[in-house]
Each structure stands twice: as C-alpha cells, then as structure tokens.
Amino acid sequence: YTYTTLLIYRFYASFSAVFFSFLGIFFVVCLLFAGFFALAGHFNPDCMVVSGSPYGTNPESRFSDAFAMSWTTFTTVGYGNVYTATGNDFEQSDAEECSGVVFLCTFESFTGLLYAGMCAAILFGKVNRVQSHAHLTFANAVCLQYEDGGIELVDDCSSDSDVDDSEDEEGEEKSGLDRSTVGFHKIVRPTFRETFKGCPVLKFQVVNDFCNKGGGEIIDGMMKVVGIKAKTKDGKITHSQYVRVNLVDCEHPFFGRVWHGVHILDGDSPLLNSSAKEKIREFGGSWPEDWLVEPEKIRRKLDFQSLVITVSGISNISACTVHAYKRYKFQDIIIGFDFAPLVYENEELSKLEVDVGLTHDVREQHKGSGEDLKNVHTPLEASLEARKSLGQQGCSTIFHESTAGSFNS
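This note's numbering puts the first residue of the sequence shown at 976, with every later residue one more than the last.
Simulated from the structure, these hints should not be mistaken for lab results.
Mixed in with the good hints there might be a few duds.
Derived DSS-like pairs: lysine-lysine, alpha-carbon spacing no greater than 27 Å straight-line [said to hold, decoys possible]: (1) K1172 x K1206; (2) K1204 x K1276; (3) K1304 x K1199; (4) K1208 x K1252; (5) K1101 x K1188; (6) K1172 x K1188; (7) K1172 x K1211; (8) K1208 x K1172; (9) K1276 x K1211; (10) K1204 x K1254; (11) K1206 x K1272; (12) K1172 x K1252; (13) K1349 x K1276; (14) K1276 x K1301; (15) K1254 x K1301; (16) K1188 x K1252; (17) K1276 x K1172; (18) K1199 x K1252; (19) K1204 x K1252.
Taking CB as the label site, the calculated pair distances span [to be verified]: (20) G1027 x L1089: 28 to 34 Å; (21) D1209 x E1271: 26 to 32 Å; (22) H1110 x V1223: 21 to 27 Å; (23) R1256 x V1223: 15 to 21 Å; (24) S1293 x G1055: 52 to 58 Å; (25) S1293 x G999: 29 to 35 Å.
Just so it is clear, CB atoms sit at the ideal spot from N, CA and C, and this is done for glycine as well.
Construct the entire structure; sequences and hints are all you get.
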C-alpha cells in the first residue's frame, strides 16, 4: 500500500519534486551498497582493485572507493579505476573468496536496471499526463437563464460559441465579406421562450486557452455533464446518485474559441425535483408563469448537489486525446444571468479574437430580473465587491475594460 501511494503521489507531484525524490533514492541506495562493499573489501581486499592496488591500500579513501564501486555498478556505466578482481588477479586471491563481491555487484546492477526503468516509466507517465490535459478554462459559475429580449442591438460577431458561429464565419471568408464594414443593426430573433419552449436553461462556458493562437484547437470535442444528487433516508444522507444531463449540442468538430453547453430544464430534466417535472408536464412542457417571477422560486425547483462537466477530444498540437473537467457546486448556479460576450474583431489583424479577461464575467438577462449576487455565495461575489470599491455603477453585469473595447450591457 505504501509503494502504491508513493507511486500515485509522484504522478501528481511536480517534476522538480519527482526529480529530487529520484536523486535522493539514488544516493540512499548507492550509500547502502557502498557499506556492503566496504564490509566485503575489509574481509577480502584482494577481490576489489583500486587503481591497480588491492582495496584498502589507502586507508583514508576506503569509503570513497567503496562508494565509487557502488555508483558505477548501480548505473552500469562501466568500471573505471575501481572494479572487481578479474581472472588475472586471482593469482593472489582464491576465486571462491570473491564470489560474494561478484554476487553483490550482480545484484546491485540488476537493481539499478530496475530503478532506471521505473524512473523512466514514471517520467513517461507524467509527460503523458501533461499531454492528455486539455488547456481549457471553465467559467467560475453556471448561468441559469429564464428570459431574454426578442429584439436586441447586436453586431455580427456577438455569438461567442464556436458551435453557433463557425459556419457563418467560414461562409463569410469564402464570400470575401469585410466584417469591418458591417455596423451595428437590429435583427429579429426568436424569443427565449420560443427557442426553449418556455423553460429555463443551464449554460456552461468553456474557453480554449489557445483561442488566440493558431493550431491549438480540439478536434472532435465531446462535452458531457453529470449531476450528483444526495439521497437521504430519515434525514441522513445514505448515498449519491449520478444522473446524465443531456445537452442541446454535446459535440464540437473543431473547438477553437468558446463553447457553450446548454441544458434545458424541461419536464425530462434530471436536475429538477419530481413535483416540478410533473407540474411542467401538466402545462404542456412549459414552466408556469408564477415560477418565473422570483429567482428564488426557480432555485427551489432544482434538485442536485453538484455538477461535473467534462470536455474531451483530440489536441491539434500533440495529436493526443485530451480531457479536462470542472466540478460545480449548487451555490455556483446564478439565476437570471448570461455570460458576457467574449469574441470581438481585431481590426488590425482582421480576424476574430477572444477577450479571455471576460471569461468569468456575466450580464443580467434583458427581461426579468437576476438574483442579488450579494446574497448568493458564488465565485463572482469577490469580483462584484471589487468593482463596487472602484466606483463602478449599475448592476453586476458591468464588464471589464479590455483592449478589445468596451462591451455594454
């Protein structure tokens, strides 16, 4: 059990910690065998040759000679000035008397080979672990959105998710459309309730760390969400139940910038309590109007302890399968908010880029009201207090200023 624990620890420890642990074990083993060689040389000095003379000829260098014998044997680099007695040296010593030294050298060299192989395997595993980690940033919170505006002022690149805008972007490049000449205009979109049939949605945001660099995409991306429920009996938690959370679009062929995972809280959602799902079915698959009056009413309909989101795919950098995950607690859900727009046009380079400084920023939905974040213990609370200390006015949807320009809610 101790060896297994130590092995697992080295996979999680830093490379420097693993290196120094390897170095420490190397010196300990070499010192241990050096003591055995010093003891063997004390009884059979003719079985070890130091610079052409029997071991111990120079009493002051006994242990250093034994240590040199030990590390050269352990590393199998080949003997130098210190080595075991050969056949020509047997004229002065009996071969049977040196069998102990020969066995000791054989055992130490075999141990050294095993140790070198183990170190190489652990380092290879750590490198493989680094390669299999997807360089993604998950937003600190999960947005629960239940309303939006039917007509809003947007620009052509306001859609952040790669799933939504990748096709449009490709078509514009083929048609030679100059995005810089397209100004702001009003476009009519289906209302939020029309899109999701009167049901709120949970939205997850994931940003590729290499979004502004070419070649860092994740190919054949797959997003999965698992809900964890705490089951109780007689007021005590007995076990945890894992439920699969279906997403509107769980696949992405070429994840390069921003990915939004959306789950509809309808009558089939495993994240709602039984009474809420039954009531939704009675209303034809939509939420009753009185449920959407206050965010606290919406929160009472939720039934889960935490959410685990995983993203996997093939890295375009290493061509290896990569993955990343994040666990959200129930307190990380913020109701009545949407994520801030991240994608903007770099006019100098004439391409879309992502303002990663806004990854964790949110904006309040256009219709309805979002819950007061001061009374909700979320990762955004500290950010909100910091903004107020700077004298920023308005609701908690104010975005940071960035080189991309100001985003106004």
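Each hint, compared with the structure:
| no. | hint | result |
| --- | --- | --- |
| 1 | K1172 x K1206 | violated, 30 Å |
| 2 | K1204 x K1276 | holds, 14 Å |
| 3 | K1304 x K1199 | holds, 16 Å |
| 4 | K1208 x K1252 | holds, 22 Å |
| 5 | K1101 x K1188 | holds, 25 Å |
| 6 | K1172 x K1188 | violated, 38 Å |
| 7 | K1172 x K1211 | violated, 37 Å |
| 8 | K1208 x K1172 | violated, 35 Å |
| 9 | K1276 x K1211 | holds, 21 Å |
| 10 | K1204 x K1254 | holds, 21 Å |
| 11 | K1206 x K1272 | holds, 22 Å |
| 12 | K1172 x K1252 | holds, 14 Å |
| 13 | K1349 x K1276 | holds, 21 Å |
| 14 | K1276 x K1301 | holds, 23 Å |
| 15 | K1254 x K1301 | violated, 32 Å |
| 16 | K1188 x K1252 | violated, 44 Å |
| 17 | K1276 x K1172 | holds, 18 Å |
| 18 | K1199 x K1252 | holds, 22 Å |
| 19 | K1204 x K1252 | holds, 16 Å |
| 20 | G1027 x L1089: 28 to 34 Å | holds, 32 Å |
| 21 | D1209 x E1271: 26 to 32 Å | holds, 28 Å |
| 22 | H1110 x V1223: 21 to 27 Å | holds, 25 Å |
| 23 | R1256 x V1223: 15 to 21 Å | holds, 20 Å |
| 24 | S1293 x G1055: 52 to 58 Å | violated, 41 Å |
| 25 | S1293 x G999: 29 to 35 Å | holds, 31 Å |
The structure shown violates the earlier hints numbered 1, 6, 7, 8, 15, 16, 24.
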